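Peer 1: The chain contents come next:
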Amino acid sequence: MSTEMTTTAPAPVHLGVGDRVRLWWDALPRQTQWVAGVVGVLLVALLPVLRPPVLTTVGTDFAGVLAQFGMYALLAIGLNVVVGQTGLLDLGYVGFYAIGAYTVGLMTSPSSPWNLTDDWLSREWGWLFAVPVAVAITALSGLLLGSPTLRLRGDYLAIVTLGFGEIVRLLADNLSTVTGGGRGLNQIAYPVVGQSAERPNGIFSAGNTGLPLNSGTWWFWLSLVLIVLVLVVVGNLERSRVGRAWVAIREDEDAAEIMGVPTFKFKLWAFLIGASIGGLSGALYAGQVQFVVPTTFNVINSMLFLCAVVLGGQGNKLGVILGAFAIVYLPNFFLGRTELFGIPIDGNEIANYRYLFFGLALMILMIFRPQGLFPARQKLLTYGREVYVIARRAAAAATGRRTPDTTGGAR
Amino acid sequence: MPLLELKDLTVSYGRIEAVRGISLTVDEGELVTLIGANGAGKTTTMRAISGVRPLARGSVHFDGKDIARVKAHERVLQGIVQAPEGRGVFPGMTVLENLEMGCYARTFPTKAAHDEVLEHVLELFPRLRERKDQLGGTLSGGEQQMVAIGRALMARPRLLLLDEPSMGLAPLVIQQIFRIISEINGEGTTILLVEQNAQQALSRSHRAYILETGEVVKTGPGTELLADPAVKQAYLGVA
Ligand SMILES: Nc1ncnc2c1ncn2[C@@H]1O[C@H](COP(=O)(O)OP(=O)(O)OP(=O)(O)O)[C@@H](O)[C@H]1O
Ligand SMILES: [Mg+2]
Chain V
1 MSTEMTTTAP APVHLGVGDR VRLWWDALPR QTQWVAGVVG VLLVALLPVL RPPVLTTVGT
61 DFAGVLAQFG MYALLAIGLN VVVGQTGLLD LGYVGFYAIG AYTVGLMTSP SSPWNLTDDW
121 LSREWGWLFA VPVAVAITAL SGLLLGSPTL RLRGDYLAIV TLGFGEIVRL LADNLSTVTG
181 GGRGLNQIAY PVVGQSAERP NGIFSAGNTG LPLNSGTWWF WLSLVLIVLV LVVVGNLERS
241 RVGRAWVAIR EDEDAAEIMG VPTFKFKLWA FLIGASIGGL SGALYAGQVQ FVVPTTFNVI
301 NSMLFLCAVV LGGQGNKLGV ILGAFAIVYL PNFFLGRTEL FGIPIDGNEI ANYRYLFFGL
361 ALMILMIFRP QGLFPARQKL LTYGREVYVI ARRAAAAATG RRTPDTTGGA R
Chain E
1 MPLLELKDLT VSYGRIEAVR GISLTVDEGE LVTLIGANGA GKTTTMRAIS GVRPLARGSV
61 HFDGKDIARV KAHERVLQGI VQAPEGRGVF PGMTVLENLE MGCYARTFPT KAAHDEVLEH
121 VLELFPRLRE RKDQLGGTLS GGEQQMVAIG RALMARPRLL LLDEPSMGLA PLVIQQIFRI
181 ISEINGEGTT ILLVEQNAQQ ALSRSHRAYI LETGEVVKTG PGTELLADPA VKQAYLGVA
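Residue numbers (my numbering), protein chains in the order written: chain V, 1 to 411; chain E, 1 to 239.
Hint data in this document are derived by calculation from the structure and do not stem from the laboratory. Don't take each hint at face value.
In silico BS3-like pairs for lysine-lysine, Cα to Cα no more than 30 Å straight-line [to be verified]:
(1) E:Lys-65 with V:Lys-265
(2) V:Lys-265 with E:Lys-111
(3) E:Lys-71 with E:Lys-7
Derived coverage of chain V by chain E (criterion: at least 3 residues anywhere in the stretch with Cβ under 8 Å from a Cβ of chain E; other residues may be distant) [as the list claims (entries may be wrong)]:
(4) 236–249
(5) 255–267
FRET-style restraints, in silico, Cβ to Cβ [to be verified]:
(6) V:Arg-151 with E:Gly-137: 24 to 30 Å
(7) E:Gly-137 with V:Ala-136: 38 to 44 Å
(8) E:Gly-21 with V:Leu-144: 39 to 45 Å
(9) E:Thr-10 with V:Leu-89: 32 to 38 Å
(10) V:Arg-151 with E:Asp-8: 26 to 32 Å
(11) E:Pro-109 with V:Pro-113: 55 to 61 Å
(12) V:Pro-113 with E:Thr-10: 56 to 62 Å
(13) V:Leu-362 with E:Gly-137: 20 to 26 Å
Values in this document were obtained by computation on a predicted structure and should not be read as measured data. C-beta: ideal position from N, C-alpha, C; glycine also.
Could you build the full structure based on these sequences and the hints that come with them?
Peer 2: In structure tokens form, the structure reads like this:
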């Protein structure tokens, strides 16, 4: 056919760090992946117990920092589905976090008019009962926000979601008869388990301060379990037809529609899934802190979550978890420090200026590495890697020369 | 019964009527060309057929059924597949991934069937095979056009809509693209083609429609229009 078209060697594909790690990882046998995954999670889980001296924060409890990291990691994973996978710029994600937290608060705080725990629900089980309700309600709010707004594109969607985040906070602040206004809701329920003489309210109670297994450690472990579960669900979605539709929408929404992708439906799904994960994180937060106030859900937090996603590398689940870690850990690392490597510093001041530093870091990142620290591509083929085998074999036959195995047989 | 039938189709952008009551048919197995000056409404007509643009008036029948209310992505399921003007290649996906998006909606019953069609597409465009792992956004214009056509073929269209496949290509490549279009049509795929390259398009198509400011002004067999003095003057640059 096209013999007049000169055959040129394809340009070498440049691989980023994330891609290389993924290539290496995908080439490992399935059992090795599982073992490595379990060992990795266990090592991370041991952090609050081992308290490695280089990592441990001095100004604030290390386990508490890790618990907060767990919640932010969930938020980053959820937001990554919306922003990183589907390419919908959501600037109001904190709204879902707030709805999740306030749902638990409204259902279990004695200062809420809708408190159920002095009624038929016990204090012990109140939190556990409220979590799925909170997830369902945030999913519903995602649906309500998404149905009208997901017909908008790009900047318009960003502005509308920004407004949504602000509206949620303003409602929490102003519906004082229900939400307690600026005073917030206190004594929110938490799971009461593992009671003992030293820990009369159980291991998850904020009153459990006995090191190393204080309440922060337990909340961190709980969030780790949830992170693994969410990663399994989201990972499977990404590898399915849903994930291919999301990436197609991110790449070119019109072309996706022309390829037969029901774009609106899948955008709504991304929104709904992102929202429920945000709600789950909020429910976790409410249980840990046992107290919610509107100021926690300031719009600036949306930017912080987005920062975690962009920093980690949009579209890479593990990357955004590292992004979340950086966002939570770095300010806390400086807190209470008076010197670093022998240089006297005012750590508290540095922590106070964290938005300045994150802003600078983002600017530098956008100039030198706009794809984030750990970008990674997914494979998007109907029949996975097998397709490459036939394409390669036929190519070698057609051009009469051996084509180098650039994919490593393991994309 | 024609495979595609437009009756009195009117499409507007706000208050501007870009397409004003055109009627057109495409029979099963035909290669039909739509020719017209810039802004005549060719792309708009294509977009109305693929469902991206709503109709203001008139009707679109596909396979005898009124599809005016069928959404764009559902029309793909029925077999109306478009290679859009400007190509619409997914920039961050590799060539192979782009091709695979073609069969997203119209999936294959078995992997063997899938491999066969993919193999056929890669045979039509050997260049794509060489560049299967290259990102769509880094392809040359001609290569992107091949991806757009190949991707549409992966859906095994019943009606293939090609909007200016020769746009921006070198003469040699244009020749090649047209030959492939004839070949695809020869294999039984019905094609509605929009072209500026009237000489090539008319000589290869069964029938053609000439569009001027949103209206059909002339229609007939391709070779007949090619010989028409008025057409020659307006579209072939012959005085
Ligand atoms: N989104 C839009 N909004 C307003 N007017 C539009 C829009 N798209 C097209 N038009 C107008 O509709 C008319 C027909 O446009 P169309 O794209 O169908 O032309 P065409 O025949 O495909 O031209 P070309 O050969 O340049 O591709 C033009 O006058 C154009 O300006
Ligand atoms: Mg056009």
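Peer 1: Examine the segment 236–249 of chain V: at least three residues should have C-beta closer than 8 Å to a C-beta of chain E.
Peer 2: With 5 residues in contact (Cβ-Cβ under 8 Å with chain E), the coverage given for the segment 236–249 of chain V holds.
Peer 1: Just to be sure I understand the hint, the distance between the Cβ atoms of V:Leu-362 and E:Gly-137 should be within 20 to 26 Å; is that true here?
Peer 2: holds, 24 Å
Peer 1: Verify the CB-CB distance for E:Thr-10 and V:Leu-89 against the hinted window 32 to 38 Å.
Peer 2: holds, 36 Å
Peer 1: How about the segment 255–267 of chain V: do at least three of its residues have a C-beta closer than 8 Å to a C-beta of chain E?
Peer 2: holds (count 9)
Peer 1: Is 24 to 30 Å respected by the C-beta to C-beta distance linking V:Arg-151 and E:Gly-137?
Peer 2: holds, 26 Å
Peer 1: Please work out if E:Lys-65 and V:Lys-265 have their alpha carbons no farther apart than 30 Å.
Peer 2: holds, 25 Å
Peer 1: Determine whether the Cβ-Cβ distance between E:Gly-21 and V:Leu-144 falls within the hinted range of 39 to 45 Å.
Peer 2: holds, 41 Å
Peer 1: Range hint 56 to 62 Å: satisfied by the CB atoms of V:Pro-113 and E:Thr-10?
Peer 2: holds, 57 Å
Peer 1: Does the hinted range 55 to 61 Å hold for E:Pro-109 and V:Pro-113 at CB?
Peer 2: Since E:Pro-109 and V:Pro-113 have Cβ atoms about 58 Å apart, the given range 55 to 61 Å holds.
Peer 1: Tell me if the beta carbons of V:Arg-151 and E:Asp-8 are separated by a distance inside 26 to 32 Å.
Peer 2: With a Cβ separation near 29 Å, V:Arg-151 and E:Asp-8 satisfy 26 to 32 Å, so the hint holds.
Peer 1: Hey, V:Lys-265 versus E:Lys-111, does the alpha-carbon distance stay inside 30 Å?
Peer 2: holds, 27 Å
Peer 1: Quick check: does the Cβ-Cβ distance between E:Gly-137 and V:Ala-136 fall within 38 to 44 Å?
Peer 2: The hinted range 38 to 44 Å holds for E:Gly-137 and V:Ala-136, with Cβ atoms some 40 Å apart.
Every hint, counting from the list given before, is met by this structure.
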